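In case you want the letters, here they are:
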Amino acid sequence: AREPKGSKKARFVIGMSQCNLGEPWRVQMNADIAAAAKEHPDIEVIFKDAQNDTLKQRAHVEELVAAKVDVLFVSPKEAQPLTEPIGKAFDAGLPVIVLDRAVLGERYTTFIGADNKKIGRAAGEWIKKVLGGKGKVVELKGLMTSTPGQDRSAGFREAIAGSEIEIAFEADMKWLEPEARKEMDSALARLPKIDLVYAHNDPGAHGAYLAARAAGREKEMKFVGIDALPHEGVSYVEQGILDATFQYPTGGREAVETALRILKGESVPKTITLGSRRFTKDDVKKGGERIE
Amino acid sequence: MERISKRFGRATVLDGVSLDLHAGEVHALLGENGAGKSTLLKILAGVYADHGGSILLDGKLVRPRSPAHAGALGIAVIHQELSLLPALSIAENLFVERPLGWFGFIDRRRERARAARILAEVGLDLDPDLLVERLSLPERQLVEIARALGRGARVLIMDEPTSALAGPAIDRLFELIAGLRARGVALVYVSHRMEEIERIADRLTVLRDGRVVGSARVGEIPLDQVVTWMLGPRHAPADVLPVSPSARDERLAVEDFSVDSVDGERRLVDRASFVVSAGEIVGLFGLSGAGASELLLGLSGALGARARARAVRISSVPVRIGSPREARALGVAFVPADRTTMGLVPGMTAEHNGTLVVLPALSPLGWLRPARERRAALAMAADVGLRPEALAMDAATLSGGNQQKVVLGKWLLEAPRVLLCDEPTRGVDIGAKAEIHAKIRALAAAGAAVLVAGSDAREIAALADHVLVLRRGRIAADVARAEATPDALLALAMGHDEARA
Amino acid sequence: MSETPQHLETPAPRSPGKPAAWHHAPLARALVSLALVLALGVIFPAEGAFFRLGTHQGALRQASVVGILACGLLPVILAGGIDLSVGSVLGLSAVVAAKLSIHAGEPAWLSVLLVLGMGAACGAASGSVVAFARVQPFVATLAMMVFARGLAKTTSGGTKVATAVPGPDGVLRYVQVPPLFRALDAQVFGGNVAAVTLVFLAIAAIVGVVCARHRLGRYLYAVGGNEEAARLSGVPVRATKILAYAISGVCAAAAGICQAAQEQQGDPEAGVTYELTAIAMVVIGGTSLKGGRGGMGLTLLGVLTIGYLDKILSINAVPEASRLMLTGAIVIVAAVAQKNA
Amino acid sequence: MSETPQHLETPAPRSPGKPAAWHHAPLARALVSLALVLALGVIFPAEGAFFRLGTHQGALRQASVVGILACGLLPVILAGGIDLSVGSVLGLSAVVAAKLSIHAGEPAWLSVLLVLGMGAACGAASGSVVAFARVQPFVATLAMMVFARGLAKTTSGGTKVATAVPGPDGVLRYVQVPPLFRALDAQVFGGNVAAVTLVFLAIAAIVGVVCARHRLGRYLYAVGGNEEAARLSGVPVRATKILAYAISGVCAAAAGICQAAQEQQGDPEAGVTYELTAIAMVVIGGTSLKGGRGGMGLTLLGVLTIGYLDKILSINAVPEASRLMLTGAIVIVAAVAQKNA
Ligand SMILES: Nc1ncnc2c1ncn2[C@@H]1O[C@H](COP(=O)(O)OP(=O)(O)OP(=O)(O)O)[C@@H](O)[C@H]1O
Ligand SMILES: Nc1ncnc2c1ncn2[C@@H]1O[C@H](COP(=O)(O)OP(=O)(O)OP(=O)(O)O)[C@@H](O)[C@H]1O
Ligand SMILES: [Mg+2]
Ligand SMILES: [Mg+2]
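Protein chains in written order, with the numbering used here: chain H, -15 to 276; chain V, 11 to 511; chain R, 209 to 549; chain F, 209 to 549.
These are calculated hints, taken from the structure and not from any lab test.
Computed from a predicted model, the values in this text were never measured in an experiment.
Glycine included, every Cβ here is placed at the ideal spot set by N, Cα and C.
The reader is advised that the hints may include incorrect statements.
As the list claims (entries may be wrong) - Computed, partial: chain F to chain R, Cβ under 10 Å:
1) A247
2) L248
3) V250
4) A351
5) M353
6) T371
7) A372
8) P376
9) G494
10) N524
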């Protein structure tokens, strides 16, 4: 590989291209990677943040390849535009671990990610159960031009299809808490009775909760979010703000472990699908419950 | 032009004005400030398309809907508030709307050559590549004139073209006008300098409050009558002679004062030394480029470090004036010549413009006192002969002369210790001019030291106790009041070397 | 000073119309925009939601934070400048306010004072670069925008500063929402008005009075109208500019505290792109980005216009794509109608 | 905005003989900023990465798309306006270009022509609102910005327009990347220059020549310098403005095609916030947002300054928060250095 850098005795360098750090979930992914790498003194990680810009991320991938990293991690903003540069790196013999969002084709070493649709479906199933199969639901959606938003919506709708659950109000809150609070305000103005709020991320659910509380109606309904970051969703459940949150794992730790296996010469599966957990008031202390 | 009328909002500015222009004739348009002269001419020039009445050109009904359209009809204008573009060069300004070249691509070489020729015609010896913002006000006025002349118009409108020009430049302009007249161009000429009217106009029309009050051939009517037409029942107060200063203690003393050009290569003012006593009015006279304006600008602190002196003393106390603010704190007032770029804040009312200088005194704790402010503004209006109604108007919509009154008036409210004025009555009508002169004299009599610069040798001669004549940045002569006739001043200013302007 | 000169007694034959105080007409014009938007609400009341009091409370509350930014921007814009950093300073202030009052447990008055001081410092810094180094306001405040965002992320460690405080062992400890945040997030006057709306109105009143009735306000108009003429008239141009930006910074800090109070956390990403909305609020009423013209009345109408437009589209649950297109179209129609009213 | 009238302050040669082409001095000043940033690259070469050819190719390629936007903005800014819609028009154009060439399989020339025409129409629309209805450019183009983004989302159906084409039965069908996109995404001249960089340079050359050597360019400077004086001089002010915005629209459309080609898809979210960067590129060189002063040379230096700053921070893998703070600080230092050079 490459010369160790400075005083650090890092033998291996991992290059990590993150597509943006505006979202806490991605900050967490980087933090997970950093934490896992810290346990291995011979690993150093270089992080790059593409600020939500596909072309920038493409350049970052090329920069990391040019810097001769030993393993490349990419959490792509877009599948298609990054397929080619990732494929090129892979063809040149560099192990590439793709995180969270897949690229097209087969030219990468391993994909590690969770399934948004599955998680959305799990949320829908749970909601169906707690509402007894009927009720009025508000859906606060993530940016609907993004795949996670589309999948979390589609999975949810698949699960509640056929029940008497009605989506009485839906709006795109673009993953942002203030937007969620604003849209929830409108939902509250329109709907005299709301049974549950399903938000595509925890900040969205939290914003909805604050809106309902300001209207004095937070006891009337349940709040469900997705992501379950320790500082956000899980702590909201612990505080009794949210009723449930569904983990969308970052895969940061798994990525580092997989990288180590690759560096040791072991073979790794092409796809590692991460399991998810559900956290509710009852089980949050015990670390939630695994969902299938 | 027949029965032209024009309203701004609810105010009727022109009311059924008719005017005939004949080929080969100079038609003078007269009237006090705000009478509507510029507005009438702007209608002819296509600036305001929304007017009543009709315009006939060679017997055909026309309606200039834009300046470009008016230009195409053969109407060219020298605007009162100059319409040059400061960030463009002289050459670029001369051909701004119709650059020379092929298919819209500009041939700079050709433009430069043509520009040089046009400039020579008006007697301007300047590099056509100079940016207009680098020019002094008189130079800009000449460029504006050159531009209008270069358009080969059939109707040429001149709205106070000489308000900042001195003797030789005016002579040159009048020669050009005579040539145009001989070629059959119809000319409209606006000026507040009556002697100019006598010299070049064939006919005159007087406007008052937006109506024609009289029209006559020049020479067939005494000028007194014209002045009465202009001012109505109010008379021009006689220009009283200055009172001799009682105390002659030194108020402003300047030793070896110099101003560098921006590039530092030349001295625009070269080691000027002089003393102005309390109560004294000292004139500064020089041709364009002689440095009078720069001298005043420099003393006012506006030029910062470009102006330096061995010593400047006010009331015998050595001072350093680094900025206009410091100048104000020392009681030094400066009235710039160029009201649009340096004098007025457009968008603010005339009242607020007028009280800007004295605002700290009017708002002791920072909070404005509208009643006090109103009183101060009324006092200012009275000082300079501005109608009180005008105080509520946006300063940008005042007539040129009224704007000048505001620019001057705002400095007179605080009874400055040193008053520096550059062209204090540029474009002001003869009635108000006399009032302003009286006010300046009163300030001097109250103990101020006054320095007045200007292009009008008559005005300087009439106002000043003695006159410093500048030539190429140096004080060339100090002329006592008795000898300071306009002709003598001009002769001294031109010196032996051929004048630049 | 002197006696009334004779010519004043001349009867003024000019039509006696009232002097055209220019700011009256624009106010009426700006009302056209607001009326247009409200009419939309009446036409599409979203099953009566538009006629419920809560909707209007909500519209006001939501517009309040950005409205505070707009109030701060007004002096800067009047003086011919622009401040792109307000959104970031909001974010930074939210983080610092949360750190101080949630984590450090400082008393409310101290937190507020420190955060406002920091906002003033940010503004004064941009202002000084503009006034002394003569850097274009766009560039200077863009730099501050990026810098303050980075500082917000550094200060917060990249995550939200919330009531879940990580201990040294990594275990979360839950603390109370501080009284400052609770007070600002409350509804007052019998639950009829949000506290942040009151803060907004108070700030609007103060800034409005300063602009219209204080010497500084006059200087803002003078500097924005013609900087050189103002300088030659002895106006302290630099101080005026620096103060304008400092006011903007203080307002952004106040907005940051309100934002943190409403979210009950300090989000380093708070306020992203708010600057555009705030500038739009200021200028849509007719205040000119060229400086020297406009005022608080116009700004308030702008805040209401944009706030209500947002609310009406939201209660009607218009999908995102159509919402954007409608917003663009309505803004244009309102602006054109206002010009030709 | 901070510019004091040059008449009193800025050094510039007056002595006849020496041409007073004012833009020479500013060009030298703008070079100071770029030199400063490049010096940073030399000091922090990221283990030699800065001295590798690829880094510079990359810097140029990355700056190209936003650079094209900057080229289009120049005429608008010279004429005293601003165009906030360029990022959205880029996104809309990317979507339409992808629809046309991937889904509809139109030939390259037709797709390009249609998209450029659409861009021109968007620009001319904003321009007309500015010129005829006299709406402030900020408001008019903000409306267009929101509208075009909504239209992009509507056109694309909310998803990316990619080579995976959903059939009527919902099953994805994979099609080839169209030749247009492949050509624009290629490296030319022996792999040394990206095709998009060439497009950028070509557009810069054309717009630069128009601004400096064509009648329209002179009109732009005249209108931006003093609109009223320009009108009095017979300059066709409205047509000039509309053309300026149309040029901006065409450039945004061209940038959209390049973006789509590089992403091999049309993303309706493409170009969000690009307008800020593009405006910054134009003004950081010294072109004034007040209009009337500046030029293509300055703009190119601005593009390079910001492009390289980005690249240098990126190859050094500076973490997010510090990167933002550094960017802010360096921009200020560069701007101040440039003013005092
Ligand atoms: N845009 C405007 N809006 C409102 N009033 C205006 C506008 N332009 C001019 N006026 C008013 O019209 C009247 C006539 O002005 P005009 O400029 O024609 O006067 P003038 O005769 O040229 O005076 P001067 O000798 O001072 O140049 C003035 O009262 C002036 O204030
Ligand atoms: N900013 C400037 N940079 C360089 N030269 C200048 C500048 N301003 C004026 N000048 C030139 O300096 C010389 C002196 O100008 P100044 O304005 O003092 O002349 P003046 O004696 O007042 O004459 P007038 O005002 O009657 O033209 C002129 O040649 C003028 O063009
Ligand atoms: Mg006039
Ligand atoms: Mg002079």
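Next on the checklist: Hint G494 (chain F) vs chain R: min CB-CB distance below 10 Å?
Outcome noted: Holds, because the Cβ-Cβ distance from G494 (chain F) to chain R comes to roughly 8 Å (cut-off 10 Å).
Checklist entry - Should the hint that T371 (chain F) touches chain R count as held when the rule is a Cβ pair under 10 Å? => result Constraint on T371 (chain F) not satisfied, violated at 23 Å.
Item to check | A372 (chain F) as an interface hint toward chain R, with CB separation required under 10 Å | outcome: violated, 21 Å
Item to check | Hint check: 10 Å Cβ-Cβ cutoff, A247 (chain F) to chain R | outcome: Violated, because the Cβ-Cβ distance from A247 (chain F) to chain R comes to roughly 18 Å (cut-off 10 Å).
Next on the checklist: Take the shortest C-beta to C-beta distance between V250 (chain F) and chain R; is it under 10 Å?
Outcome noted: violated, 22 Å
Next on the checklist: Using the nearest Cβ pair, does P376 (chain F) come within less than 10 Å of chain R?
Outcome noted: Violated. Min distance 22 Å.
Checklist entry - Holds or violated: N524 (chain F) as interface residue toward chain R, Cβ cutoff 10 Å? => result violated, 15 Å
Item to check | Hint check: 10 Å Cβ-Cβ cutoff, L248 (chain F) to chain R | outcome: violated, 15 Å
Item to check | Interface hint for A351 (chain F), Cβ within 10 Å of any Cβ on chain R | outcome: Nearest chain R Cβ about 4 Å off; hint holds.
Next on the checklist: Under 10 Å is the threshold here; is the Cβ of M353 (chain F) close enough to any Cβ of chain R for the hint to stand?
Outcome noted: Hint holds; M353 (chain F) Cβ to chain R Cβ min 7 Å, cut 10 Å.
Hint check: violations occur at hints 1, 2, 3, 6, 7, 8 and 10; the rest are consistent with the structure.
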